[in-house]
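Novice: Could you put the whole structure together from the sequences, leaning on the hints where they help?
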Amino acid sequence: MRPRPTRTTLAAVLAAAALTVPLLPTATEATATPQATPAAEVDALGLVPQPASVEVADAEPWRLTPTTRIAAAGEARPVAQALAEELRTPTGFRLPVPARPRPGDLQIVVDEDAAYTVEGEAPTEESYVLDVTADGATITARTAHGAFNGVQTLRQLLPAWVGSDRPVATSWTVPAVHIEDAPRFAYRGVMLDVARSFQEVDTVKRYLDTLASFKASHLHLHLADDQGWRIEITNEGRVEGDTIDYTRLTEISGDTAMNERGYRSELGRSGYYTQEEYREIVEYARERHITVVPEVDVPGHTNAALHAIPQLNTERSLPARDPDTGVVDWNGTAAVGYSALDEQHEPTYHFVNHVFGQLADLTQGPLVHVGGDESHDMGHERYVDFVSRAVPEVRETTGVGVMGWTEFAEAGLTQGEGYWEGSVVHYWVGSGDWVRDFVSKGGKAVVSDAGRSYLDMKYDPSTPIGLSWACSGDCDYPRYYDWEPTTVVEGGLAEEDILGVEAPMWSETIRGEDQAMYMALPRAAAILETGWSQAEDKDVDSFSTRLGALGAHLTVAGTNYYESRRAPWQWTVAGLEATVRKGRPGTVDVGLVAAPGTKLSTDGTALVPDTVTTDGDPASQSLLTEPLTAVLRCGTDELPVTFRTEQPRGELHAAATYTASVSGTFDAATDCSLETSAGPTAPVTLSLGRPVVEPEPELGEPTLEIQDGVLASGQWFDLSVSGFAPEQHLDVLLDGTLVYRLHTDEQGRFDRTALVPRGTPAGEHELVVAQGERRVATAITVG
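The numbering used here applies: residue 2 is where the sequence shown begins, and numbers increase by one.
Please note that a few of the clues may not be correct.
Said to hold, decoys possible - The calculated label-pair distances, taken between Cβ atoms and stated as ranges, are:
(1) P649 <-> V541: 23 to 33 Å
(2) Q748 <-> L624: 16 to 26 Å
(3) E774 <-> E86: 23 to 33 Å
(4) V694 <-> G121: 58 to 68 Å
I should point out that these hints are in silico values taken from the structure, not numbers from a laboratory.
All C-beta atoms in this analysis are idealised placements derived from N, C-alpha and C, irrespective of residue type, glycine included.
Specialist: As structure tokens, this is what we get:
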């Protein structure tokens, strides 16, 4: 890669580790006069984000074998253990983790005094060097975070099957390379809006796994908005005079969500994280060197809080409270700007300080995000008065930095030097003058230009979910890649004033994990590369090539994504070890194929490149130019292969991994070869024995339970159903009319809240939950 200016030094994130005396070549020994590697050869490695410097040697690769070990000590050991645990399943290898290496091993070294450079510059807290030769591989870093970054690069250099949840037969090799790498910015984030439509803990964990693979450093969780409240706040630690019952936040507004429909008219998903679950998310992120930034939006976007807490409702709070209940009604629409706290009301500040105090304690991170955007109906002077008091109090209460959207920078325009010390302005739209004033008074900026960063925008007008107010027309990943943080803010910002970049995703239309992943990827990867790689090293054509090489990794890992027609998607095949009954006919799985941008042929005998838009899903660009077929060759015998997949390519889903199977009679154990029509093959081992057949789960009779008592029009109520197909939509009918849809979990259940539609007349009504021919009904009474 080309030379560049000195990179920004990042703040320390972990203590340095004890030095392990290596037996393998160290980073400094391997850094002798590298030869320039052609860009095309570097791009073919499929590394995202692009490393600072990559040299590819004309030499034998390193091979991961049954005798390979991952050597590490001190701070490097947890990183090595996590990698070994991940690799054991797909490889079937033991991969022990000793303290000292031997030839052929992978060694991970964390040494605060490690004598390496990144393109001649001093190492940083996140930098690393990766050296790979036929004799072994070494990752050297100053911190565990740097070592973890090196592991992510190594994972991308391994075959895509590294993410498989079952053992596969493939060539576990890594090309001979020398890589020096460090990030441009310390903050490389993605935001997940769980307020409008909730995401389960396991979904957030899988989101973190995916973000970590692209070297993300921050996950911004939008925990509360007008539509719902998603984090448990207790009454512990209330100050004298604070009479608010904070448990009502989740008891009441944890049950509400978007009323406006998502894909196939699905209702927004309700729910919340207990404090224990939230700590679990924070710890899971920490293990992946990702910092959680919690956000509760104030003073606007607060309808859910006002709906739950009577003490926050006054003559000045917005909207007007219901005189019968003393609180505002819930609002599940996508409207913005109508809600606001009363900036002259003392309980407002009890609330703000108590909530952010608990969030800071739960998170143990450097920042809390106070939102501060779109308080339109509140008015300018009232808004500035609120921020001017709330932000200093939150800083004092929490002891951490305060982050807020562009608008909150306005409150500091009349303040003096150093007013924003330790704070962060989160630019999404608006005045560049405000942002420059903010950083001139000691703050930093995170840049999320809405038109090039918001992940909830439609890819194009045909995308069935998403919005188009910030980006319309072509909003594929090239637009999200091709921008520069220092110039996107009107008037520009100095590099040293920018903490980093973030890709926010709002959930007005997004429901569940698959839809979130689909809208995030590959655009989030484009933005994370903007945060990692130097501006002069960025190239959208290079990114497209590298993304195309990486797509199969996402497919094998079971991660959903948008198979853009702009990326040349590579494909790959792996073999399986199978057990057959001697002399008995049967069908056996013999291999797996990951082929982004393809569909099954009607008869299942071929994988067909999907290049059209008339079949109900977007066009793609597989590197397969013809339908792919395969045979299993065992000696002179040849059996035709058929393919199947649990998740076909569709309008909101990438093609899942295909399973290859054959039918036949086998008389002896044998080694075979899965041979594809495009050339690549994979080894297959057939053993004699009794195959283990997993029985198909029985759905049982569908059941339905609702909360007792008379319901009200517009009320959210507890609903539990079971006995339906997992991860599929449910039709909800009231008196025979479809009113909305829900979605089952992995067990075919739905167990959260549903909604009595507004305008439902008083009296008894029939409530039906149906999925095809399966249905269950009950009577509800609306008062």
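Novice: If a hint holds in the structure, say so; if it doesn't, say that too.
Specialist: Going down the list of hints, with the structure as the test:
1. Between P649 and V541 the C-beta distance comes to about 30 Å, which sits within the given range of 23 to 33 Å.
2. Against the hinted window of 16 to 26 Å, the Cβ-Cβ separation of Q748 and L624 comes to about 38 Å, which falls outside the hint.
3. Range check, E774 to E86: Cβ separation about 43 Å, and the 23 to 33 Å hint is violated.
4. Range check, V694 to G121: Cβ separation about 60 Å, and the 58 to 68 Å hint holds.
In summary, the structure is inconsistent with hints 2, 3 from the numbered list given earlier, while agreeing with the others.
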